[in-house]
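Participant: Now for the letters of each chain:
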Amino acid sequence: MTGSGRGPAGEPAGRAETGGQAGRRRAADDLGVLLGRVALGDEEAYAAVYDRTAGQVLGVVRAVVRDPAQSEEVVQEVLLDVWRSASRFDAQRGSASAWVMTLAHRRAVDRVRSEQKAAERERRVPSSATAYDEVAEAVEARLDRERVRRCLASLTELQRESVTLAYYGGYTYREVAELLGVAIGTVKTRMRDGLIRLRDCLGVDS
Amino acid sequence: MRSRGDRQAQSVHTLAGAYAMDAVSHAERARFERHLSGCDACRQEVRGLREATAALGAAAAVRPPDALRERVLRAAGRTRQVPPAVSEVPVRRDRDRRRLGLRPRMAMAVGGAAAAVGVAVAAGVVTYDMQNRLDQAQGRDLTVAAVLTASDARMMSARVSTGGTATVVMSHREHALVFTAAHLSSLPVAERYELWLIGPAGARPAGMISASGRGRMVGPMVVSGLSAGDQIGITVEPASGSPRPTSPPLVMVSLAG
Chain P
150 MTGSGRGPAG EPAGRAETGG QAGRRRAADD LGVLLGRVAL GDEEAYAAVY DRTAGQVLGV
210 VRAVVRDPAQ SEEVVQEVLL DVWRSASRFD AQRGSASAWV MTLAHRRAVD RVRSEQKAAE
270 RERRVPSSAT AYDEVAEAVE ARLDRERVRR CLASLTELQR ESVTLAYYGG YTYREVAELL
330 GVAIGTVKTR MRDGLIRLRD CLGVDS
Chain A
1251 MRSRGDRQAQ SVHTLAGAYA MDAVSHAERA RFERHLSGCD ACRQEVRGLR EATAALGAAA
1311 AVRPPDALRE RVLRAAGRTR QVPPAVSEVP VRRDRDRRRL GLRPRMAMAV GGAAAAVGVA
1371 VAAGVVTYDM QNRLDQAQGR DLTVAAVLTA SDARMMSARV STGGTATVVM SHREHALVFT
1431 AAHLSSLPVA ERYELWLIGP AGARPAGMIS ASGRGRMVGP MVVSGLSAGD QIGITVEPAS
1491 GSPRPTSPPL VMVSLAG
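In the order they appear, the protein sequences are chains P and A.
Residue numbering for the first sequence follows this note's numbering, starting at 150 and increasing by one per position.
Residue numbering for the second sequence follows this note's numbering, starting at 1251 and increasing by one per position.
None of these hints come from the bench; they were simulated from the model.
Note that CB positions come from ideal geometry on N, CA and C, so glycine has one too.
Don't take each hint at face value.
[What the hints assert, rightly or not] Using C-beta positions, here's what the derived DEER-type ranges look like:
1) P/323 x A/1437: 51 to 59 Å
2) P/335 x A/1327: 42 to 50 Å
3) A/1283 x P/229: 17 to 25 Å
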C-alpha cells in the first residue's frame, strides 16, 4: 500500500535500505520546500502536500481513532491545520514529515480522549491481553514497510508493547502501565528507551 | 544523594518518550514543554524521537478516499492562514513600505490580513470573535500592527462591569498596548469613557474613548509608555476628560508579565 495513489508518496516498500534512506531524505526536503510555498498561500503546493501526506495522516489517525467516519473528520482537521499554520513549520526543529505526523497524532489522541471523557471510556474497556492484540493486529496489517517492522522487532517485548500501545493505540503511559500491569516509572522508561532504539535503528535522527 | 530538585528534573526528563508519543495528560504536556524550553539536550532528544514516531506513523499509511482530497482542498481554499513569523519572511511590498515609511515588520503586519491570528495563537486564550474584531481594526493604525506582531505580544480580555468587553494586546518590548472595547453601554452626551494607566504612583490619563453608538467596537487606541506594575482601567468622566479619575474603575486589566 502506498500513501496515496496520486503523488510520489515516499519510497516503495522493500527498496534497499541506503537507497530508501536517501530517497526519504530527498522526499523530506521536498516536503519542507512545499510547506514553505504553502505558507505563502500556494494552493498547488498544498495539493502536492496533500498527496504526500494524506495517506500517512489517515493511517495514523485511523490507528488511534478507529472509527472510519471520525477518522476522516480528524484527517480533514489535521490537513487544514497544515494549510493554516504552514508558516509555523520550522525545519530547525525537525523534518516536515515529523511536523505533519505530530499534528496528526496529537489531534487523533485529543479526539479519542475527549470522546472518552464523554463516553466514560466505554469504548475502551481494555482487558490487557485483548487491547494489545487488537492494536498490534490492526497495525501489523498495515506495517508494510519492512524497515519499521524490523526495527520494531528489535525492541524488547516490553518496549515494543509500550510503544505500540502508546503510539498506535493512543493510550497514555498511565493507561499503558495499567494494561500491561507494570509500574508507571518502568513504562515511562521503556517508552523512552524503545523510541531511542527505534530512532537509532531507523537512522532517522537528523 | 540527589536533591529533590534533581530527582524531579530527572523524572520530568524521563517523560521524553511518552511526550513524543502524546502519551501524557494535558497538564504533563504543558509541564514538559516548560521543561523543554530550558533544556537544549531535551529538545534535541525529542526531535529525534519525533522522527522515529513519524516513521511509525508513515508505516501505517493507507490510501485515502478520493472524495477526501477534494473536500480538503476546497476547505483550504476557504480557510485563512496564519501569517508567517516576521523574522522568517522575505520582505515584500517595498514600494508600499517606502511610501508609508514603515519598518519592515509593520509592513508585514499590515500586509497580512490575518496578522492578529498570530497573536491569538500566541496568547492561546482568544476567541475567534475577538481576533476578528482586531483584524478589522488593525488596518487603521500602523502602530497597532507593531504591537500585534511583537514577539512578546499578549492578549487579555475582561468584562466591563456596566456591560461590554475590554481587550488589550500589549507588548512590553514595544512599551505599548493596543486597547479595544466592544458593546460598551452608551453614556449620556455629557459623559465619556476615559482610559487610564494605573500604577503604584497613581493614575495617568491614557485617552478618551470615542464610542460611537451602542454595540460598536471602539478603538483601537494605542497607549505607550507602559511601566512595570501598571494596570489599565476605564472610568466614566465628564465628556471633556479628567486629569484624575473621578469615579471607580469599571474594569481593570493587570499588565503584569
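Participant: Evaluate each hint against the coordinates.
Facilitator: So, going through the hints one by one against the coordinates:
1. At roughly 55 Å, the beta carbons of residue 323 of chain P and residue 1437 of chain A sit within the given window of 51 to 59 Å.
2. Taken as a hint, the range 42 to 50 Å holds for the pair residue 335 of chain P and residue 1327 of chain A, whose Cβ atoms sit roughly 49 Å apart.
3. Taking the beta carbon of each, residue 1283 of chain A and residue 229 of chain P are about 23 Å apart, inside 17 to 25 Å as hinted.
Consistency with the previously given hints is maintained throughout, with no hint failing.
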